[in-house]
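Turn these sequences into a full structure, and let the hints steer you where they fit.
As you go down the protein sequences, you meet chains L and F in turn.
To convert, count from 1 in the first sequence and add 6; that's my numbering.
To convert, count from 1 in the second sequence and add 6; that's my numbering.
Derived from the structure by calculation, the hints contain no laboratory data.
Because the structure is a prediction, the values reported are computed rather than measured.
Even glycine gets a Cβ: it sits at the ideal position worked out from N, Cα and C.
If a hint is listed, it holds; no wrong ones were tucked in.
Partner residues aside, some chain L positions facing chain F, computed with beta carbon under 10 Å:
(1) Gly95
(2) Leu176
(3) Lys212
(4) Tyr219
2 protein chains.
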Amino acid sequence: MPEFLELLPPPDALHVLLRSLPVLLQGETIATRDALGRVTSSPVTAPHHLPSFIRSTVDGYAVRAMDTYGANDSLPSYLSLIGEVPMGGVPDFSVAPGRCALIHTGGMLPEGADAVVMVEHTQLVPPEEIEVFRAVAVGENLLKVGEDVTAGDLVIPTGTRLRPAEIGGLMALGITHLSVARQPRVGILSSGDEVIPPEAPLEPGKVHDVNAYTLSALVEGAGGKPVIYGIIPDRADILERSARQALEECNVVVITAGSSASARDLTAEVINRLGNPGVLVHGVNVRPGKPTILAVCQGKAVIGLPGNPVSALVIASLFVIPVIEKALGLIRSSPRASVNARLTINLPSQAGREDWVPVKLIQDAAGTLAEPVFGKSNLIFNLARADGLLCIPADATGLPAGAQVEVLLMI
Amino acid sequence: MPEFLELLPPPDALHVLLRSLPVLLQGETIATRDALGRVTSSPVTAPHHLPSFIRSTVDGYAVRAMDTYGANDSLPSYLSLIGEVPMGGVPDFSVAPGRCALIHTGGMLPEGADAVVMVEHTQLVPPEEIEVFRAVAVGENLLKVGEDVTAGDLVIPTGTRLRPAEIGGLMALGITHLSVARQPRVGILSSGDEVIPPEAPLEPGKVHDVNAYTLSALVEGAGGKPVIYGIIPDRADILERSARQALEECNVVVITAGSSASARDLTAEVINRLGNPGVLVHGVNVRPGKPTILAVCQGKAVIGLPGNPVSALVIASLFVIPVIEKALGLIRSSPRASVNARLTINLPSQAGREDWVPVKLIQDAAGTLAEPVFGKSNLIFNLARADGLLCIPADATGLPAGAQVEVLLMI
Chain L
7 MPEFLELLPP PDALHVLLRS LPVLLQGETI ATRDALGRVT SSPVTAPHHL
57 PSFIRSTVDG YAVRAMDTYG ANDSLPSYLS LIGEVPMGGV PDFSVAPGRC
107 ALIHTGGMLP EGADAVVMVE HTQLVPPEEI EVFRAVAVGE NLLKVGEDVT
157 AGDLVIPTGT RLRPAEIGGL MALGITHLSV ARQPRVGILS SGDEVIPPEA
207 PLEPGKVHDV NAYTLSALVE GAGGKPVIYG IIPDRADILE RSARQALEEC
257 NVVVITAGSS ASARDLTAEV INRLGNPGVL VHGVNVRPGK PTILAVCQGK
307 AVIGLPGNPV SALVIASLFV IPVIEKALGL IRSSPRASVN ARLTINLPSQ
357 AGREDWVPVK LIQDAAGTLA EPVFGKSNLI FNLARADGLL CIPADATGLP
407 AGAQVEVLLM I
Chain F
7 MPEFLELLPP PDALHVLLRS LPVLLQGETI ATRDALGRVT SSPVTAPHHL
57 PSFIRSTVDG YAVRAMDTYG ANDSLPSYLS LIGEVPMGGV PDFSVAPGRC
107 ALIHTGGMLP EGADAVVMVE HTQLVPPEEI EVFRAVAVGE NLLKVGEDVT
157 AGDLVIPTGT RLRPAEIGGL MALGITHLSV ARQPRVGILS SGDEVIPPEA
207 PLEPGKVHDV NAYTLSALVE GAGGKPVIYG IIPDRADILE RSARQALEEC
257 NVVVITAGSS ASARDLTAEV INRLGNPGVL VHGVNVRPGK PTILAVCQGK
307 AVIGLPGNPV SALVIASLFV IPVIEKALGL IRSSPRASVN ARLTINLPSQ
357 AGREDWVPVK LIQDAAGTLA EPVFGKSNLI FNLARADGLL CIPADATGLP
407 AGAQVEVLLM I
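Here it is, written out as structure tokens:
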């Protein structure tokens, strides 16, 4: 197997793939309320200041700060109450020296006032006077105009994935539509003479297609649009025809190869026929997933995954997700969700190879434990029994029991 | 404000709420391919063994292990090649002593054979003989029938959220439809005379509705179905009418109160009219979000959130998400996505109160740093500028610069 002579570790292999891919799909305009998880395709600037008027941050009285100087419990300031600021409206009065107005949290500061005294530090002297027991400084208990953002500020850069907080910020600015990257279409082909659809009754020697569905789910979670092209027999002409169609209709093509070496060679051969530069990496120094194929054809990523469902899912998270993120123009990938835990047993590993081990997380008094899921790594329910994956880096020869490890959550 | 005299910390307040809520919504049957993120409402058992036949895990030759005993590089065993196992089919031959058959990864072990020799440890002697240079034990390089799961095994318990791995496991078993919990409908009401819809032009004294959309996004992410009931003025009769309608049509009701104390009291008063037992908790010892209202009316959770968008989002993640998860019957909540980081500055805090501080994550040579986002905590773009939230527990009086902290990702 000459292709395995010089195997790159996953990060280097990914670099080879990504540097050969062009950037950015087109943008499209959608409603902000539908934009959760989408990625901005142009910068968003603030159309106005936020807040757009001076707002109180407490319930209390709008005052001139100077009128409260020196006030304390034994020597309060006395101010006469001239009115109440209407919520959502503009006060139709201004606050002259020696006067004050009732104001609620979020209310607009009336003219003349320059601070708010908290209601807790006052007492009403009926009918129209208040005692102030604590001095306030100019600007106290207020939000200034533009304190959150100033008109013209770049508030959300291009390439940002929108979370609930960004959706909220956009709405606060009255931005109800925005331009986001189109979701890349990811074509998924399952090859292998032994593979049958999940709805077909199981026959001896056959296995149900697992990869089309695990990969669809992964693609969906990463922000792509999965397109399933079905099960292809191990014949070069048929595989080529389906792969060409997928390449034409999609932005990324993923082929899960049959599990034998000959089926994998067939996949590589077919990928090379789809366009230049073709196969860039054939074999990666990782377990599981060594027989991975990374290619670029006609400017689009074509990825050959091992047929084993566990390898396919692990490798897709290492290579397919970053390709989708590049297609989306995602500038800064979000920190990957992980949990710190203590390894329960010694885990051996081969130097130079990156290993990914499914682990279960267990809470005990001392914190979180990571317990490797036993059994052969290529069993899909071993992955279903796991909470996450632990990486043994290429430069380690294993990890000792008790080691603090970072477990990437599978979500 | 008598309601704030005895404030519970968030975990205790949550316990009071959850213990008063009945369990489980109804289940519904859906296609497995659409089930990503859904929660099982009945246990899934395996209809058959997996694998359902003895499969090779390598490319090589199916042999009788005994025929290879003692074989090594200088003294190979010689076996005669009788055929090739067809991928996806049943071999129409059996392997007698002194014989072997070509087999590919995933192929079915022919009768008579009890192990597979890897192709790397053999050499073909044309036309029909192979040399074996390494002995194999019985069962070597094979997956046994039922090694992943046995027919009748409980493979996915009730209350499991389905990830790509579970979807794959279901498909492997040919389970193309399954029963999942209906998604709870979460009614969202925004109250406040100062609030206007995001599409309305901004007027002095008014602010755009932010909470309806941040909460919708959060509910969606947690597996609920958000239903927006619009903006309600600060009038008890109108708020009560809308809240009653939401309570009738939904499984959970969330009301973001106006920001003033009087608006919050109005919310509590209206909630108490909706049904027994009514308000259980009014005020929680947390910042931001002290004026939170937790209630149960007619067996459904009704939650009053502070109007400030940052408080509303933080509090919803502490209380609304667990309520949705209980309604879904989620048995074991997934570990929350987090990142370990080193705090850049001293953060003071009040003993007895749980504080949630928005932080930005910064990568430097020494690892990940957590830098608090400066500025008043109630500015929505401060949350948009943050990667996650850091918790200062109630029993701490702050955290020192350099402390290792766990940052919950906002995703």
